[in-house]
Amino acid sequence: MKVMVCLKQVPHQDARLEIRDDSTWIKEDNIKFEINSYDTYALEEALRIKDANEAEVVVVSVGPDRLTQALRTALGMGADRAVHVNDPAAEGSDSLGIAKILAAVAKEESPDLVITGLMADDDNYSAVPPMLSQLIGMPSATGVLKAEAQDGGYRVERELEGGALEVVDLPQPCLIAVQSGLNQVRYASLKGIMQAKKKPIDVKTAADLGLEGQVGASAQKVKVEKVYVPPKGDTAEMVEGSSEEIASTLVAKIKELGLL
Amino acid sequence: MAATDFLKLDTTHFDAEEILVRDSVAAWVSKEFMPRLQEHVRQDGSFPMELVPQMAELGMFGANLEGYGCAGMNNVAYGLLMQELERGDSGLRSFASVQGSLCMYPIHAYGSEEQKQRWLPGMAAGELIGCFGLTEPDFGSFVTGMRARAERKGDHWVLNGTKRWITNGSIAHLAIIWATTEEGVRGFVVETDSDGFESRDIKGKFSLRASVTSELFLQDVKVPEANRLPDAAGFRGPLSCLTQARYGISWGALGAAMACYEEALDYAKEREVQGGPLATKQLVQEKLVFMLTEITKGQLLSLQLGRLKDRGEMHPTMVSMAKRNNVDIALRIAREARDILGANGIVDDYQAMRHMLNLETVRTYEGTHDIHTLIIGEHITGMRAL
Ligand SMILES: Cc1cc2nc3c(=O)[nH]c(=O)nc-3n(C[C@H](O)[C@H](O)[C@H](O)COP(=O)(O)OP(=O)(O)OC[C@H]3O[C@@H](n4cnc5c(N)ncnc54)[C@H](O)[C@@H]3O)c2cc1C
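First to last, the protein sequences are chains A and B.
So the first sequence is numbered by my numbering: it starts at 1 and just counts up by one.
So the second sequence is numbered by my numbering: it starts at 261 and just counts up by one.
These are calculated hints, taken from the structure and not from any lab test.
Predicted, not measured: the structure shown is a model, and the values here were computed from it.
Where is the CB? At the ideal position from N, CA and C, for every residue including glycine.
Don't take each hint at face value.
[Said to hold, decoys possible] Label-pair ranges, simulated between beta-carbon atoms:
id, chain 1, residue 1, chain 2, residue 2, range
1, B, Glu-317, A, Ala-217, 51 to 59 Å
2, B, Pro-295, A, Ala-236, 51 to 59 Å
3, A, Lys-197, B, Asp-480, 49 to 57 Å
4, B, Ile-636, A, Pro-231, 30 to 38 Å
5, A, Ser-23, B, Thr-271, 26 to 34 Å
[Claimed, not checked] Not everything, but these chain A residues come out facing chain B in the computed CB check (under 10 Å):
id, residue
6, Glu-34
7, Thr-68
8, Gln-69
9, Thr-73
10, Gly-76
11, Met-77
12, Arg-81
13, Arg-186
14, Ala-188
15, Ser-189
16, Leu-190
17, Met-194
[Unchecked claim] Once the Cα atoms are required to be at most 30 Å apart in a straight line, the calculated BS3-like pairs of lysine-lysine come out as:
id, chain 1, residue 1, chain 2, residue 2
18, A, Lys-32, A, Lys-204
19, B, Lys-291, B, Lys-465
20, B, Lys-291, A, Lys-50
21, A, Lys-107, A, Lys-198
22, B, Lys-268, B, Lys-291
23, A, Lys-226, A, Lys-27
24, B, Lys-541, A, Lys-198
25, A, Lys-146, B, Lys-291
26, A, Lys-204, A, Lys-191
27, B, Lys-376, A, Lys-191
28, B, Lys-291, A, Lys-27
29, B, Lys-376, A, Lys-32
30, A, Lys-32, B, Lys-291
31, B, Lys-529, B, Lys-268
32, B, Lys-529, A, Lys-226
33, B, Lys-541, A, Lys-27
34, A, Lys-198, A, Lys-32
35, A, Lys-197, B, Lys-268
36, A, Lys-32, A, Lys-255
37, A, Lys-32, B, Lys-268
Could you put the whole structure together from the sequences, leaning on the hints where they help?
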């Protein structure tokens, strides 16, 4: 059994973000990065399968040198090996570009199960998992809150709008994109980190994957026009008075707006 | 998280594993330990024992020791572990220091193979908690004034004496007790459920409140010869343990200093006073500059010490310098940070004052600031100060 986990490195949740001068993204030079939180749940789910069934867990990611840190963390947590697609030619890839790269790796690896996070903490697109599942021809489920192996496939619970759950059955191989909170993510142990030194990180370029000219900024179908902080709105109204007065004004306001 | 890196040590001096160790521990401290801390600080001497299995699982106990279930990390990674634990609280770092450097280390260094097999795996797993009994009510710095005695009676020893200020004393399963014998000072691994062994916690501490500090009473405690550390003879035994722990403290103090500096910096940027944020004031900037400069110098000191330790070239006097300096600057930084926070600085929703009070202990234990001054003074002059 082989499980492939796709993970992305995103700015650390405590990082102070500043927008780049050309307004197309944030400044990345002096901030810390971490594994996308959704992907940590994906990795944990894979490691649980490994703990129970001796699976091989391969983590795959696309990005520059700094990514090594994220991959080493994943290896320290227990993944067996990593594939790092590190290529300036892949920089500026849109979601489809990233999905194509991951698909090319998946074709080389032929995993029995692909696990991704539902979305990325930084750009919130949620686009890569469904695109990837299409490109590699694996059925998929997103927003997964629970996955259990059964009859050579998986029964998964998905989160729907309004708190409802949906149960679907997927055959193997398949792709699941997990919701945050489906498990308790382990920490990389100090022993695990020391052992991870010996685990391989396979570095590849777009050309190695036969994707020359098909990914990167030049192949973008979606172009970022502008990233900006919205101007502060002027619709806020300050309510003054004693606690009781404030409370009754608020209740009246909420009723007036039909929010109750 | 781990933002204080003025001289870019992350990219020039720490290797990938060292950074991973630091970040993994930092994440654990902020997610698991910090939310539980305030409750324990308010309780006057208690430690969140429910976290011990997790600490063990992560490999925090005896992390720079080889074999017997220990992580086998290098000393810089070990230092960064101590830094991140003390960024949380000195009580947390003390717990790990005592378990690893003061209790597992002497068994590892001076114990027989059988003793190592018997105790170390359980200690690494956090199932056996240790404490280190050197200080006595009447003697702290003046260790040669030790009164605790051990007398050989056939195949066992009989121990009598009182040990005071013993971290984890009442929660320990094993106590490493140093006592004088006819042959000189010897170390014993005393099982705390032995007859005649009693402990009582010291209450009313202003400092290290998230840590258990106890007094130990040994009255005719029978300890088998098999529990004596065979290779520990004289004061070199306990002092070498202290060297290990002091090395870790030099890093730990930096963690506390970073927590205070980062808290004060954030606060100064946000807090509006007359004419703009506090951070626009020259007097405040001077304080922040002092803090960052001292932290940065301290990092270089500990880092170099760690590399020397890995090469087997660290001298105890060098450790004295790092412990003395880094704890001193950490305490000063904590006081300055507390000052910048104004009235907010005196409540436990903020960290600076807790660190400040903790660091008063750290300044005193493991060789007081002044004792380290005398050690270094003697080293450079060749003359013992009077
Ligand atoms: C919270 C806490 C936890 C502790 N945990 C442990 C533990 O786990 N195990 C353990 O064994 N001990 C522990 N200790 C004890 C600690 O190591 C001692 O308190 C320390 O060694 C200082 O000894 P003392 O308190 O007797 O002070 P003293 O030695 O009496 O020192 C008092 C002052 O006199 C100065 N002084 C002393 N001698 C000289 C001299 N010759 N010349 C000039 N100045 C001198 C000192 O620098 C200090 O300023 C702990 C202490 C605390 C507060």
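Here's how the hints hold up against the structure:
1. B:Glu-317 - A:Ala-217: 51 to 59 Å: 44 Å, violated
2. B:Pro-295 - A:Ala-236: 51 to 59 Å: Since B:Pro-295 and A:Ala-236 have Cβ atoms about 31 Å apart, the given range 51 to 59 Å is violated.
3. A:Lys-197 - B:Asp-480: 49 to 57 Å: For B:Asp-480 against A:Lys-197, whose Cβ atoms are near 51 Å apart, the range 49 to 57 Å holds.
4. B:Ile-636 - A:Pro-231: 30 to 38 Å: Because 59 Å falls outside the window, the suggested range is violated.
5. A:Ser-23 - B:Thr-271: 26 to 34 Å: Distance hint for A:Ser-23, B:Thr-271 holds at roughly 28 Å.
6. Glu-34: Status holds, d = 8 Å.
7. Thr-68: Since chain B brings a Cβ to about 7 Å from A:Thr-68, closer than 10 Å, the hint holds.
8. Gln-69: 7 Å, holds
9. Thr-73: 6 Å, holds
10. Gly-76: 6 Å, holds
11. Met-77: 9 Å, holds
12. Arg-81: Cβ of A:Arg-81 sits 16 Å from chain B, so the hint is violated.
13. Arg-186: 8 Å, holds
14. Ala-188: Holds - the Cβ of A:Ala-188 comes within 10 Å of chain B, reaching about 4 Å at its closest.
15. Ser-189: 5 Å, holds
16. Leu-190: With a minimum Cβ separation of about 3 Å from chain B (threshold 10 Å), the hint on A:Leu-190 holds.
17. Met-194: 6 Å, holds
18. A:Lys-32 - A:Lys-204: OK: A:Lys-32 and A:Lys-204 at ~24 Å, within 30 Å.
19. B:Lys-291 - B:Lys-465: 26 Å, holds
20. B:Lys-291 - A:Lys-50: Distance ~25 Å between B:Lys-291 and A:Lys-50 Cα, so the pair holds.
21. A:Lys-107 - A:Lys-198: Holds, at about 25 Å.
22. B:Lys-268 - B:Lys-291: Cα-Cα ~26 Å, so holds.
23. A:Lys-226 - A:Lys-27: 14 Å, holds
24. B:Lys-541 - A:Lys-198: 51 Å, violated
25. A:Lys-146 - B:Lys-291: Given pair A:Lys-146, B:Lys-291 holds - Cα atoms ~23 Å apart, limit 30 Å.
26. A:Lys-204 - A:Lys-191: 28 Å, holds
27. B:Lys-376 - A:Lys-191: 19 Å, holds
28. B:Lys-291 - A:Lys-27: Distance of about 27 Å is within 30 Å: holds.
29. B:Lys-376 - A:Lys-32: 41 Å, violated
30. A:Lys-32 - B:Lys-291: With Cα atoms ~18 Å apart, A:Lys-32 and B:Lys-291 stay inside 30 Å; holds.
31. B:Lys-529 - B:Lys-268: Judged against 30 Å, a Cα distance of about 23 Å means the pair holds.
32. B:Lys-529 - A:Lys-226: 28 Å, holds
33. B:Lys-541 - A:Lys-27: 28 Å, holds
34. A:Lys-198 - A:Lys-32: At roughly 25 Å apart (the allowed maximum being 30 Å), A:Lys-32 and A:Lys-198 satisfy the hint.
35. A:Lys-197 - B:Lys-268: 23 Å, holds
36. A:Lys-32 - A:Lys-255: The given pair, whose Cα atoms are some 45 Å apart, is violated under the 30 Å limit.
37. A:Lys-32 - B:Lys-268: 13 Å, holds
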